[in-house]
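In our numbering, each residue carries its 1-based index in the sequence shown increased by 1.
Note that these hints are calculated values from the structure, not bench results. Hints are supplied without guarantee of correctness; some may be wrong.
To be verified - Within a straight-line C-alpha distance of at most 30 Å, the following computed DSS-like cross-link-like pairs (lysine-lysine) qualify:
| hint | residue 1 | residue 2 |
| --- | --- | --- |
| 1 | 54 | 39 |
| 2 | 39 | 15 |
| 3 | 4 | 90 |
| 4 | 4 | 86 |
| 5 | 86 | 39 |
| 6 | 90 | 39 |
| 7 | 4 | 39 |
| 8 | 90 | 15 |
| 9 | 4 | 54 |
| 10 | 15 | 4 |
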Amino acid sequence: MAKEISHGTNWLHKENIVHRDLYWCDFLGLSSGRPHFKDMTLPAIILHVSSCKQESPIDGTLNDFINLYNDAWNYYIDSRPDTTKILRKLDCIRPVNLSCPD
Numbered sequence: 002m003a004k005e006i007s008h009g010t011n012w013l014h015k016e017n018i019v020h021r022d023l024y025w026c027d028f029l030g031l032s033s034g035r036p037h038f039k040d041m042t043l044p045a046i047i048l049h050v051s052s053c054k055q056e057s058p059i060d061g062t063l064n065d066f067i068n069l070y071n072d073a074w075n076y077y078i079d080s081r082p083d084t085t086k087i088l089r090k091l092d093c094i095r096p097v098n099l100s101c102p103d
């Protein structure tokens, strides 16, 4: 899902369409399949995020994806990857071949 949203946002940027409240770290977090900070109260979330902290990755998350997520949460905005770099990295991440148990 992060890849599709990133492609859409990249298109918005290329077309010079203005948007608000879209952050790469939010998109990357969507891939966990669970709501951000689901076990926290609103004041705790505000404190957590305003302190530049992020959600811990769920078990089994690929290291490449965790690294990209961490880059998107970089405290220094100018050090965060742009849409092109995020898409390039997402294209290189290959999920593990998961199979259903018998």
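Exercise. Tell me, which hint numbers fail for this structure?
Worked result: 2
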